[in-house]
Amino acid sequence: MSKVIEGLLYSRDHEWVKKLNEEEVLIGITAFAANQLGSVVFVDLPEAGDEIVANEDFGAVESVKAASDLVSPVSGEVLEMNEELEGEPELVNEDAFSSWFIKVKLSNSEELDDLLTAEEYKATL
Amino acid sequence: MSYDKLIFELSKPGRQAFSLKKPSFPEYDVLDLGKHLRKLELNLPEVSELDCVRHFTNISKKNFGVETGFYPLGSCTMKYNPKINEEIVSNTNFKNLHPYQPVSTVQGALEVYYELQKALSEISGLAEFSLNPYAGAHGELIGLMVMKKYHQSKGNFKRKKVIIPDSAHGTNPASTVVCGMEVVEIGSNERGMVDLESLKSVLNDEIAGMMLTNPNTLGIFEEDICEITKLVHDAGGLMYYDGANLNALLGKVRPGDMGFDIMHINLHKTFSTPHGGGGPGDGPVGVKSFLSEFLPNPRIRKLDDYFYIANEADTIGQISSFFGNYLVELRALTYILTLGKENLMQIGGIATLNANYIKESLKDDFYLPIDDLCMHECVFDGLKDNPHEVRTLDVAKRLLDYGMHAPTIYFPLLFHQAIMIEPTETESLQTINEFIDVMKQIAKEAKENPELLRKAPLNTPISRTDEVFAAKKMIFSYKDYLDYINSKE
Amino acid sequence: MFKYFPHTKADVDQMLKTLNISSIDELFSQISKKVLLKNEYDLKSEMSEMEVRDYFKSLEKNNQELVIFSGLGVYDHYQPSVINALTSRQEFLTSYTPYQPEISQGTLQYIFEYQSMIQALTGLDVSNASMYDGSTSAAEACFMACNASRRKKILISETLNPNTIEVIKTYLKFKEYDFEMVANKDGVFDVEDFKNKMSKEYAGVIVQNPNFFGFIEDYEGVADFAHEFKGLLIQNSDISTLSLLKSPAENKADIACGDCQSLGLPVAFGGPYLGYLATIKKLVRKLPGRICGYTTDTSGKRSFVLTLQAREQHIRRSKANSNICSNQSLLALYVTIYMSLMGKKGLVEVNNQSYQNSHYLYERLIKTGKFFDNFNQPFIKEFTLETSISHDLISEALLKSNIFGGFSLNQISDRYENLINFCVTEKRTKTEIDKLINVLEGLS
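Chains as they are written, first to last, in my numbering: chain A, 1 to 125; chain B, 1 to 489; chain C, 1 to 444.
Derived by calculation from the structure, the hints in this document are not laboratory data.
One thing to keep in mind: the hints can contain errors.
What the hints assert, rightly or not - Far from chain B by the CB rule (all over 12 Å, computed), these chain A residues:
#, residue
1, E6
2, E22
3, A33
4, N35
5, M81
6, N82
7, E84
8, S109
9, L116
What the hints assert, rightly or not - Derived DSS-like pairs (lysine-lysine); straight-line CA-CA distance at most 25 Å:
#, chain 1, residue 1, chain 2, residue 2
10, C, K344, B, K22
11, B, K302, B, K341
12, B, K95, C, K400
13, C, K34, B, K230
14, C, K301, B, K455
15, C, K345, B, K5
16, C, K34, B, K118
17, C, K44, B, K118
18, B, K160, C, K169
19, C, K286, C, K319
20, C, K430, B, K21
21, C, K34, B, K200
22, B, K83, C, K3
These numbers were taken from a predicted model, which means no experiment stands behind them.
Even for Gly, the Cβ is constructed at its ideal location relative to N, Cα and C.
Using the sequences and the hints, build the whole thing.
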C-alpha cells in the first residue's frame with residue numbers, strides 16, 4: 001500500500017530527499033511514515049537560517065497518538081521551511097511525497113551517497 | 001436529553017451565588033491601588049447557587065467512577081475508596097491547620113505524617129520515607145535526585161546514566177531526563193522479563209542505577225530480581241523501584257528485601273486514596289538508611305515524644321512547598337489502620353488470584369502473549385480469533401456500552417494491541433464473572449458483527465470524539481470556543 | 001472475612017479450581033523463597049471504624065486550631081458549603097484520568113471550565129489542566145522558558161516566596177541549569193538590577209506579584225526589556241489577587257504560574273493545593289501537563305477531550321516536555337466551583353474586604369508606635385513590618401490568645417532578620433482584629 005517513488009533518495013528513518021540541483025535538496029517523510037503516524041496535526045520545523053546536521057534531530061511530526069522525531073539525512077543550512085504545513089498539516093497524509101518540509105543547502109553533497117535508492121528503501125519496509 | 005451547558009452559558013449579569021459578610025471598614029478603598037489595578041475585563045460567570053449546583057451535579061452524571069462499576073485499569077489499582085477516609089478528613093481539625101503554625105500546635109498533624117512514613121517503611125522494607133512528593137511521577141524524579149546526589153557525594157560525577165527496560169512506563173525515562181540524566185534502554189526476553197545478558201552489556205562505571213517495576217508492566221514477576229539487583233550493585237549502581245504495581249506484593253514481598261535502594265509509592269493506587277479524576281495523589285519516596293540524609297526538606301522528626309520539623313543539610317533540596325498532599329496522606333493512614341496487618345497481608349494474594357482467574361478465563365478469546373503466571377494484572381495482545389481485524393480500541397469502546405470501564409489499552413508498548421486488566425482485591429467473584437462474560441460476548445461480536453464494535457460506544461453520554469480536530473483547532477477555553485463559533489458564522 | 005474483600009471461602013475455592021491449584025500461595029511459586037515474607041507486617045491490628053474515629057479524635061487533641069493572621073503563600077479564605085457537597089460526589093472523586101472521553105465528560109468539562117477561568121484571570125491565551133502546586137508550577141515554568149529559548153540559565157527575583165525559590169533551585173540544580181538572583185529594593189523587585197543582569201544568556205526572569213512580603217510590584221518595561229534579548233517574563237501570582245491586580249497579560253508576561261490555594265482551598269497543613277500554568281499561544285506546545293480541548297463526537301455533539309498528548313510522557317517518554325502525569329484534578333474542580341460561585345463580583349469583593357481589613361490592622365499597628373514600615377509599598381491583604389518587640393514575645397502572646405500571626409520571617413531565613421508577616425482576609429471579623437491589636441498593644 002505504501003508508495004515509494006523512483007528518482008528520490010531515502011533515509012532509514014523514512015525520509016525522502018529530492019535533489020533540486022547540485023547544492024539544494026527538499027526533504028520530507030514517506031507515505032509509509034505518514035501512515036504509521038496517523039492524521040498529522042502538527043509539524044515542528046526549523047527556521048530559515050538554522051543549521052542541521054546529518055543523523056541529528058531537526059524537528060518533529062505530531063499526530064494525535066504519536067510524535068516522531070525528524071532525523072536529518074543530510075547536513076547543511078535550512079533555506080526555507082514549508083509554511084503551508086503550518087495551517088494544513090494534513091497535507092502530509094494526503095500526499096507525503098509532495099509535502100516537502102524543508103529546503104536545504106548541502107554542506108557536504110557526499111552524504112547523499114549514504115542514502116538509499118527507492119529499491120533499497122522499499123526492501124526495508 | 002443529555003445535559004449540555006457550560007457554566008458560562010448559565011451566566012447572567014447580576015446573578016450571585018455567594019454571601020460574604022458586610023465590609024467592616026468601608027473607609028478603605030481598594031481603588032487607591034490606582035495604576036496597579038487590572039483594566040482587562042474579567043469574564044467569570046455570574047450564576048445563582050442552585051444553577052451552580054445543578055450544573056456540576058449534571059455533568060457528574062456523565063462520569064464513571066469506581067462506585068459506578070467495574071474499573072479494571074491495569075497499573076492504576078482502582079480499588080474501592082473507603083468512605084471512612086473521607087469522613088476523617090472532613091470531621092477533624094487537620095484541614096484547618098496552617099503549615100507555618102508553631103510546631104507545638106500541630107503535634108497531632110505531625111504524628112500522622114510520622115506514623116504513615118513508619119508504616120510505609122515496614123511494608124516496603126526501606127528505612128525511611130519522605131511523603132513530600134505530590135504524585136508518582138514526582139516521586140520518581142525525587143528518587144532519581146537522591147540517586148544522583150548519592151553518587152555526587154561519593155565523587156562519582158560520571159555516574160549519570162539510568163538503565164530502564166523498554167517496557168517501562170513513560171514517566172521513567174521522562175523523569176530521568178528532567179533530573180539531568182541519560183536513559184539507557186534495554187530490551188526484554190521472550191518471557192517479557194529483563195534480559196540479563198542485555199543488562200550485563202550496559203553495566204559500567206557511568207551507570208547511576210536502574211529503574212524497575214516488579215511485577216513489571218506486563219504483570220509478570222521478575223524471577224531474576226535478586227540477580228538483577230546484585231549485578232547493578234556490583235557495578236556500583238543503585239536500584240530504583242517504581243511502586244506502581246506494589247499492590248501485587250502486599251503481604252508477599254518487600255521491595256527492600258529484593259535489593260531495591262529507593263522506591264516511590266502511589267498512595268492513590270496501593271493505599272486507596274481516591275484518584276479524583278486525575279489527582280491529587282501522593283508519591284512518597286523511601287530509601288535505605290545510607291541514603292536517608294538525601295531525602296527532600298522539610299523533614300519531620302521525633303525526639304522522645306515530641307515531633308518537630310527539620311531542614312537538613314545534605315538533602316537534595318526542597319521539591320514541594322511543604323509536606324506533600326497532606327490530606328491524601330491522612331486518608332492513606334486511615335486506610336492502613338482500618339486494614340491492620342492481618343488484612344494488608346491478604347491484598348497481594350487476592351489481587352493476584354483475581355487477575356489469574358481472568359487470564360485463564362479469557363485466554364481462549366484473547367491472545368495471551370506470555371502464557372505464564374501473572375500477578376495482580378494480566379496483559380492480552382488483542383483478540384485471538386480476529387477475522388475482521390477488530391482493534392483493541394474497538395473492544396475497549398464496546399466494553400463501555402456494557403457499563404464497565406475499559407482496561408488500560410496500548411500499554412505496555414511491547415504489544416501492539418495491548419489490553420492490561422487489573423481487577424484489584426475489592427471486586428467480587430460475581431463482578432469478575434460478569435466482566436468475563438461481557439468480554440467473551442464482545443469477542444463473539446467481533447467475529448459476527450464487527451461494525452458494532454467499530455461504532456461503539458453507543459450507550460454513553462457521547463460517542464467517539466474527533467481527536468484530530470481537537471489537536472488542530474486547539475480550543476482550550478470558553479474564549480477560544482466563542483472565537484471559533486463566531487468565525488464559523 | 002473483611003469488609004473490603006468480597007470473596008468467601010467458597011468463592012476462593014471455585015477460583016482455585018479454575019486455575020488448577022490448591023492454594024493462593026501457589027500463584028507465588030516462581031518467587032524465590034529468599035524474598036517471600038515469612039512474618040506478618042509489624043503494624044497495628046485491624047481497627048473497627050469506631051476505633052479509627054477514636055484514634056484520630058485523640059490525635060486531633062494535640063492540634064490547636066488558631067485564628068489565622070499570617071499568609072506566607074497559604075491563605076485562610078472563606079470556603080463555600082456547596083463545594084464539598086459537589087466534590088465528594090463519587091463520579092468526580094473516584095474516577096480516573098479521563099482517557100476514555102465517552103464516559104468522562106464530567107471531568108473533561110470541568111477541566112475545560114477551569115482552563116477557561118484561569119485564562120480569564122491571567123489574560124494569557126492557554127491554561128493547562130493544572131499542576132501540583134505553585135512552587136512546582138514555577139519550576140516547570142522556568143524549564144518552559146529555558147526550553148523555549150534554548151538557554152540554560154534564568155533570573156529569579158529575590159522577592160519570590162522562599163519555598164518557591166528553593167523548589168526552583170532544586171529542579172535547576174539537577175537539570176544542571178543555572179540561575180542568578182535579582183535583588184530586592186525597598187521590598188520589591190529591583191528593575192535596575194534586573195536590567196543590569198539580563199542578557200542573551202538568560203531564558204528570562206521569574207517575578208512574583210504580590211510578592212512574598214505581600215507587596216505589589218510594578219513591572220513597567222520589564223517584559224519589553226527581556227524580549228529585546230529574546231528572553232521571557234514569567235509572572236507568579238496568588239491567583240485570587242489577579243481579579244483586582246494588573247494581569248500577567250497586561251504586564252506582557254509570556255508565562256503565568258502560581259498557586260490557586262487562595263480560591264477557597266482549606267489551609268490543610270500544606271496540601272493538597274493547586275498549581276496553575278498558563279502561557280501565550282506561541283508557547284502552547286511547550287506547556288507541560290494535561291490540556292483539555294473542545295471537539296465534537298460522531299454525531300456532532302459538543303465534547304471535550306485531552307489533547308496534544310504527544311507532548312506528554314506517556315507518548316514522548318524521554319523527549320517529553322516534563323515528566324508530569326497527574327494533575328490535581330479534584331482541586332481544579334474545587335476552584336472551578338469556587339470561581340463559579342463567587343464570579344467576578346465575589347472574587348473582587350473577597351479581595352476588597354481583605355484589603356480593607358488588612359489596612360485597618362496596618363494603621364492601628366503603626367499607631368502603636370511599636371511597629372514600623374520601612375518599605376512603604378502598596379499591598380492587598382498581606383504586609384511585612386519591623387518591630388521593637390521581641391518576636392518570641394509576640395508569638396507567645398498571640399498563641400495564648402489562640403492567634404497565629406505576626407509570623408517572624410526570621411524562621412524562614414536569617415536574611416529576613418527583623419521582619420514579621422501579617423495577613424488579614426475577608427474571613428476575619430472586626431472583633432478578631434481588635435483582639436489581635438489589643439494583645440500586641442499590651443506588649444513592649
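Each hint, compared with the structure:
A cut-off of 12 Å between C-beta atoms confirms that E6 of chain A is not in contact with chain B; the least separation is 31 Å. With a least beta-carbon separation of about 38 Å from chain B, E22 of chain A lies farther than 12 Å from that chain, consistent with its non-interface assignment. Under the 12 Å C-beta cut-off, the non-interface status given to A33 of chain A relative to chain B holds; the minimum distance is some 17 Å. The beta carbon of N35 of chain A is kept farther than 12 Å from every beta carbon of chain B, the shortest such distance being approximately 15 Å.
Annotated as non-interface, M81 of chain A keeps its C-beta farther than 12 Å from every C-beta of chain B; the closest such distance is 19 Å. Every CB of chain B is more than 12 Å from the CB of N82 of chain A (nearest about 17 Å), matching its label as outside the interface. Non-interface status of E84 of chain A relative to chain B is upheld: no Cβ of that chain comes within 12 Å, the nearest being about 14 Å off. Every C-beta of chain B lies more than 12 Å from that of S109 of chain A, the closest at about 33 Å, which supports listing it as non-interface.
Every Cβ of chain B is farther than 12 Å from the Cβ of L116 of chain A; the closest lies at roughly 26 Å, confirming the non-interface assignment. A distance of roughly 17 Å separates the Cα atoms of K344 of chain C and K22 of chain B; the hinted pair therefore holds under the 25 Å criterion. A C-alpha spacing of about 24 Å is found between K302 of chain B and K341 of chain B, which places the hinted pair at or below 25 Å, so the restraint holds. Pair hint K95 of chain B plus K400 of chain C holds up; C-alpha atoms about 21 Å apart against a cutoff of 25 Å.
A hinted pair counts as satisfied when its Cα atoms are at most 25 Å apart, and K34 of chain C with K230 of chain B qualifies at roughly 14 Å. Under the criterion of a C-alpha separation no larger than 25 Å, the hint pairing K301 of chain C with K455 of chain B is consistent with the structure, at around 15 Å. Proximity of K345 of chain C to K5 of chain B is assessed by CA-CA distance (about 22 Å); at most 25 Å being required, the pair is judged to hold. This hinted pair checks out: K34 of chain C and K118 of chain B have alpha carbons roughly 24 Å apart, not beyond 25 Å.
Only pairs whose Cα atoms come within 25 Å are accepted, and K44 of chain C paired with K118 of chain B is accepted, the gap being roughly 12 Å. Between K160 of chain B and K169 of chain C, the direct Cα distance comes to roughly 19 Å. Compliance with the 25 Å bound is thereby established for this hinted pair. Straight-line distance between C-alpha atoms of K286 of chain C and K319 of chain C comes to about 12 Å, which keeps the hinted pair within the 25 Å bound. With a C-alpha separation of about 11 Å, the suggested pair K430 of chain C and K21 of chain B falls inside the 25 Å cut-off, and the hint holds.
About 23 Å separates the Cα atoms of K34 of chain C and K200 of chain B, which keeps this hinted pair within 25 Å; it holds. A threshold of 25 Å between alpha carbons decides the hint, and for K83 of chain B with K3 of chain C the separation of about 12 Å falls inside it, so the pair holds.
Taken one by one, the earlier hints all hold for this structure without exception.
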